[in-house]
Amino acid sequence: MARRKQRRRRKSRRKAVRHRSLWTRSIVIAALLLAGYLVYLDFHVRQQFDGKRWSLPARVYARPLELYAGLVLTSGQLAAELSALNYQPVAAPRQAGQVARNRDTFHIITRPFVHADGREASSNIRVSIAGDRIVQLDDANSGRPLSLVRLDPVMVGSFYPSLNEDRVLVRLEDVPPLLTRALIDVEDRHFYTHHGIAPLSIARALLANIRAGSVVQGGSTLTQQLVKNFYLSNERTLTRKLNEAIMALMLEWHYGKDEILEAYMNEVYLGQDGQRAVHGFGLASHFYFERPLPELTAEQIALLVGLVKGPSYYNPRRHAERARSRRNLVLDVMGDGNLLTAAQVSQAKSRKLGVVPYRKKALNTFPAFLELVRRQLERDYREEDITSEGLRIFTTLDPQVQWQLEQVIDRRLSGLEKAHGIQADSLQSAAVVISIQGGEVLALAGDRHARFAGFNRALNARRQVGSVIKPAVYLTALEQPDKYTLATLLDDDPLTWTAPNGTTWSPNNYDRQFHGKVPLVSALAHSYNVATARLGLALGLKPIIATLQRLGIDHDFKPYPSLVLGATELTPLQVTQMYQTLASGGFRAPLRAIRAVLAADGEPLQSYPLRVKAAIKPAAVYLVTAALRQVVRNGTGRALYQVLPENMDIAGKTGTTDNLRDSWFAGYTGERLAVVWVGRDDNRSTGLTGSSGAMLVWRDLFARLGDSGRLQAPAEGTEFLAIDPATGLQADSGCRDAVELPFIQGSGPVEMAPCARGGSPLQRPVDWFKELFK
Amino acid sequence: MIFRGVLIPVCSGMLVAGLLGGCTGMAGGQRPPVVEQGTQMPRPVNQPGVRGAGPGESPASVTAQPPAVLALLSRAEDQANAGDLAAASTSLERAIRIDSRNPVLWHHLASVRLAEGEYVQAEQLAAKSNSLAPGNHALQARNWQLIAEARRGRGDRSGAGVAEQRIRTLTRH
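In order, the protein sequence lines correspond to chains A and B.
Per the working numbering, the first sequence starts with residue 1, numbered consecutively.
Per the working numbering, the second sequence starts with residue 1, numbered consecutively.
Treat each hint with caution, since some may be false.
[As the list claims (entries may be wrong)] Cross-link-like lysine to aspartate or glutamate pairs, in silico, DMTMM-like; alpha carbons within 20 angstroms at most:
id	chain 1	residue 1	chain 2	residue 2
1	A	Lys228	A	Asp50
2	A	Lys483	A	Asp42
3	A	Lys613	B	Asp84
4	A	Lys483	A	Glu719
5	A	Lys613	B	Asp78
6	A	Lys349	A	Asp336
7	A	Lys228	A	Asp42
8	A	Lys517	A	Glu740
9	A	Lys613	B	Glu116
Hints listed in this document are in silico derivations from the structure and should not be mistaken for laboratory results.
With the sequences and hints as input, model every part of the structure.
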């Protein structure tokens, strides 16, 4: 028995030992697990806080407007730019982002802005405009003239990640102190003294919740709120609450109060813009008031602080009354905290909410241009970097030109449809406008309805180009000055060309007539197909294709003779590059839509500097421009000057394809070049030629843009000679119809025309306005 | 004096890299600075010719450099002399947007590219400056000097010789 007892005792002792070891083991394991979990939490907290905290969309900016005396800019244009920038019209500007306009004088306090090449401080300026230009630019304080002031650029779009979150990040030092202090007073009075959680508040909240039988009070500190938004789901469970508290403590352990506060300011959810969640005070300021945070008034700040409690319940656009009483409550808190005087509080309370009406903004205002930007970005960046790294993209877009282009296309196309009895809304159009010397894309239209982000014809529509290709043929000829000059007589008599395989080709002129011997300059000015075809065949297709490639067209041209009449398909953008090289005197500048890309922290990532390539000899290009000037003075482009001022110096070329399917015009002035295409998506006939369609869009555009600049000046190595157009020989005072033409030095005719009386060289200046070369 | 400083960092940089070739001439002072010391900045020569520039046009007056352009030019000078070539080139591009046919601006942009060691662009930009300055032999000579330098930088000695021949022709006039 005793043994049995003993055995039993031993057994139970063993059992106890086993129990005890199980206990310790469990505790150790639990402790280890907990420690592991805490380490994991801690790692999680730090990793996310240290690393990239948010995925930020790329911001795309237009060119900043540079103001200086002499700039061609009307009062209306300046007003439009300031309005696009949401400058606030006031009687007397007192802070950045405000403007007072008195007829043609603008008193502006510009916003400070970090441009691609550095920060531009705010300036207080007075701009005086007379007619179409700025005549005076002064410092409004001292009255001293300023040489140059740069405005902040209009933001023209963003590239969003699929997540549909958006933010305008702010730094704590840029947040108005009133906002910071009001936020703390309203949401977490002891923020600067607690360690992440406030047990008293939690207890109070717990009590309230028990009394109410449900969760009615949060009692969360700002840190906890941040943790909740930042790391956790929205469920209200005890585990989550516990996690939240632990993580809040960890966050406070690792980071300073200001860092936490700044993160909070950028994370807090403040509204909903369609699919897009509005996070952070920076974006909320734009979303509700269309201006940056530092420009908000006390009552606007109070409204935003009030929204923290419930952006949807207090939505000022839906529930104005709730929003107002919440705002006024916050204003009272501001008064209690001595952030505002009693007088300021009651004044602020009497003001309107000041929220701008909700506009369902197309995410990107200029979808066609942005597609070009994106295409150029994709050469250098990965898709996820474009949409999440907060890149700041500085583009070449000139909103003034873009707005004008959009308007003229829409109006002119409707007008054309009416005038020609064309079915309404059946015409389509695409256009590109660039700066000539730099090749910067100033404006781009890919659809007659500019807001429509569909098929981008400027970039993607390959259409037959017709005669807009001809300058390449003539340039190829004029680069051989020993064989061809502007005065060389070309043969415009009927032509039948037989291919090696026996097929024949008999090109026709648009007017169905043949013109005999015509000087080269007028064959181009009047766009004679037969003379051009014969010239092309004599030159050979290989050198012509080489010229097209030197002009900057990256395209695999098929060497068919009809190529010289434009039987090849190109996009408007490709045609623009070709004409850029011509307009710039032979110096090709690859078309650019981007000037620079900055990282979110302002570090320059990439610049897209101005690059040029001497592609064609300036003298030969000068002769082509001289001929293209004849196109619009006397040739197919004459109708331009029915509207445009005589002193506008223009060179251009029309293009029409078979059965009037495509209507093209490519033209340039001193500073700008535009290529316009008009046609139908189903490729049927439009009933329009280059000059009755696309050219009128071009004309409308340049009537609005204006340009007093001159075309390429006579290149070195060129000279002028008086020529008798009938014979292409040198003229003197005896020749009545003599014209003056540029030649590459030494290439002009030596022989005198029969009309020349001999001896007396031409004294009087030759009249360029005459209808030449019939 | 514009951009004298630009050339110094180029040289020291080259010395570090052990590429003395292009620099000995400069160190010996045989090579004129990009813009001669004490001389006025060359005027733009972008007026169209009497004839042919435009129909019935009278000789256009030479437009004076707008103050905005001068301000940017002087900013570019400061930036280049402080060694910030990227900033200098941005300022010059801004100036070119305002006065796009001013050959002086293109010349300076070329000299910044040269200082950056972007020899191909330096040469192209100098050629562009030349094309905008017909008849301005002083500026053309400087551009050819720059081209010679760029070609030497690329190791094209015979090309540099050709460019130097052009300088002699231009300065003989």
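Status of each hint after checking the structure:
1. A:Lys228 / A:Asp50: holds, 17 angstroms
2. A:Lys483 / A:Asp42: violated, 82 angstroms
3. A:Lys613 / B:Asp84: violated, 25 angstroms
4. A:Lys483 / A:Glu719: With a Cα-Cα distance of about 17 angstroms, the restraint between Lys483 (chain A) and Glu719 (chain A) holds, given a limit of 20 angstroms.
5. A:Lys613 / B:Asp78: At roughly 28 angstroms apart (the allowed maximum being 20 angstroms), Asp78 (chain B) and Lys613 (chain A) break the hint.
6. A:Lys349 / A:Asp336: holds, 14 angstroms
7. A:Lys228 / A:Asp42: Within the cut-off at roughly 15 angstroms; holds.
8. A:Lys517 / A:Glu740: holds, 19 angstroms
9. A:Lys613 / B:Glu116: holds, 18 angstroms
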